[in-house]
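Colleague: In the order they appear, the protein sequences are chains A and B. Take the first sequence: its position 276, counting from 1, is numbered 276 in my numbering, and each next residue is one higher. Take the second sequence: its position 14, counting from 1, is numbered 14 in my numbering, and each next residue is one higher.
Simulated from the structure, these hints should not be mistaken for lab results. Misleading hints may appear alongside valid ones.
Because identical chains share one entry, a pair is satisfied inside a single copy or across any pair of copies.
Derived DSS-like pairs: lysine-lysine, alpha-carbon spacing no greater than 27 Å straight-line [what the hints assert, rightly or not]:
1. Lys-221 to Lys-296
2. Lys-217 to Lys-249
3. Lys-249 to Lys-221
4. Lys-249 to Lys-277
5. Lys-216 to Lys-277
6. Lys-249 to Lys-216
2 protein chains.
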Amino acid sequence: MKDKNPTVLFQRIAFIGFGLIGSSLARVVRRQGLAGHIAVCARSRKTLDKARALRLADSVSLDAGEAASGADLVMICTPLSAYSEVAADIVPALETGCIVSDVGSVKVSVLRELGSVLPDGVHLVPGHPVAGTEHSGPEAGSAELFAGRWCILTPPQGTPPAVTERVAELWRRAAMNVEVMDPEHHDQVLAMTSHLPHLIAYSIVDTATDLEDYLKKEVVKFSAGGFRDFTRIAASDPVMWRDILLANKDAVLEVLSRFNEDLTVLQRAIRRGQGDKLEVAFTRTREIRRGVIDAKQD
Amino acid sequence: MKDKNPTVLFQRIAFIGFGLIGSSLARVVRRQGLAGHIAVCARSRKTLDKARALRLADSVSLDAGEAASGADLVMICTPLSAYSEVAADIVPALETGCIVSDVGSVKVSVLRELGSVLPDGVHLVPGHPVAGTEHSGPEAGSAELFAGRWCILTPPQGTPPAVTERVAELWRRAAMNVEVMDPEHHDQVLAMTSHLPHLIAYSIVDTATDLEDYLKKEVVKFSAGGFRDFTRIAASDPVMWRDILLANKDAVLEVLSRFNEDLTVLQRAIRRGQGDKLEVAFTRTREIRRGVIDAKQD
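Bound-form chain A, shown alone:
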């Protein structure tokens, strides 16, 4: 019997959405035999065919309810804007004791959207594996994507610890460090570490896109001076990032205001030739870099 197999954490995991993150987690699950059955739901037949070809799906469906039916873990891996539709599709199919989780980069909105519609006896454990690349789609996935990174879980009050622990264990098998956090706090921290950087990167590449053609060619040619790092970040999935910035609007606008103030101070120092102010600002930023290296997040 499968449930006697100590490596099986869930009898049936349903992935709703199967892009970079979903397919990467499925690779981990498949490789270690963590699920008795992997059900994959995607919006397009093409993605389902890829999931089959990659041998990551035991069953595939265009219908989220069908995939979720009989699952003891439903992992939502779609852009945030699809969540309410996904919820409507899966709710009738969810069985008592099932855990619904996700991998979205914003957590307050997820709790708001899913928390109120899930039936009694179904547990919600929202999650955010803080890992990724600028590439999208199931072929871009990798079982090593999560190694050494953090996964943040934001279960609502009253969630039994054993339930949260089951989801935590899944991410630990993906070699992630797991932290449980308040969703508001998560959204504040990630606005700074992820959402603002992506917005800024998109914006600076956008500025270059608007340059006169003769300049634009050369911006690409000489991008090694720093710009190319921004183009990499700004190559991330546009729909996913549209959704993130809108779902975390308040926290993003707050850190963006701080950033604008700080940039204005530097701009003023450049205009006035105040080299000492620039040097002080550029020196103190090194402390954070050392922290990132010490925390092995580089």
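For this one, chain A is given, so just place chain B on it according to the hints.
Modeller: Showing chain B alone in chain A's frame:
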């Protein structure tokens, strides 16, 4: 006789300043035997000792004039703010036919500063190898640093093509592609590809540095979401970047204004929940990324 050796491009190259770029070029020169003699000048005895220990210097000196004496190529590799002092030191020592070049990231200011003070018969060929890392100092150097990147030369009008060609050949031996460009144009392009990205990266890390302590710790912990790429760029040498932003003030303020306008448009779209506008902006930035990859600058 050394000048019969076809690999020797210069009889004596004097490096004035010996950090990441200078020492990397010296590694290329040493490895391929491109100079009969490598003279190194640095501000500190410690740097000179390192140059010796790395076997990159045939002679060392704290005096730029002494290093430049008898050189047929003087390569200035100091921060831009040291150029006028360097010029004053080397001018009495320069011999007729000598070429003075540099590796600074701004070129109009270099021509202004050096062009007027060099004696007749001494050639000025300013250069900018568009390559680097966030690390500083002679130990951080590498002979491979330049491979496949562009070096831009901005010789003043009237410079004999054969003179420019001698400097171009040196950089080609470092596996760089060489392009000759108008200095004003160089400064405009690099303001976009390098100076603005560094300013933005410093600014965003600066914003994080000012966060409340409990948030700052977590910003470091969860930096894998995008922020850590900015911390890397913002770990670059503070004095070097102070000098670049001041020396290229006009072009930097111009692209910064454009960036601010574009960011304000995105900010407004977020506040008003205009997802369509965000998606359009985030999609068109991918074109530039493809260009960077096609140009093999990634």
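Colleague: Now tell me if each hint is right for this structure.
Modeller: The hints, checked one at a time:
1. Taking CA atoms no more than 27 Å apart as the test, Lys-221 paired with Lys-296 passes between copies only; the shortest distance there is 9 Å, against 32 Å inside one copy.
2. Proximity of Lys-217 to Lys-249 under the C-alpha cut-off of 27 Å is restricted to the inter-copy arrangement: shortest distance 23 Å between copies versus 34 Å within a copy.
3. Proximity of Lys-249 and Lys-221 under a CA criterion of 27 Å is satisfied inter-copy only: 22 Å between copies versus 35 Å inside one chain copy.
4. For the homomeric pair Lys-249 and Lys-277, the shortest alpha-carbon distance between copies (15 Å) is at most 27 Å, but the shortest distance inside one copy (32 Å) is not.
5. In this assembly of identical chains, the alpha carbons of Lys-216 and Lys-277 lie at most 27 Å apart only when taken from different copies (22 Å versus 32 Å within one copy).
6. With identical chains, the CA atoms of Lys-249 and Lys-216 are at most 27 Å apart between copies only, with a shortest distance of 20 Å across copies and 31 Å within one.
Comparing the model with each earlier hint shows no violations; every hint is respected.
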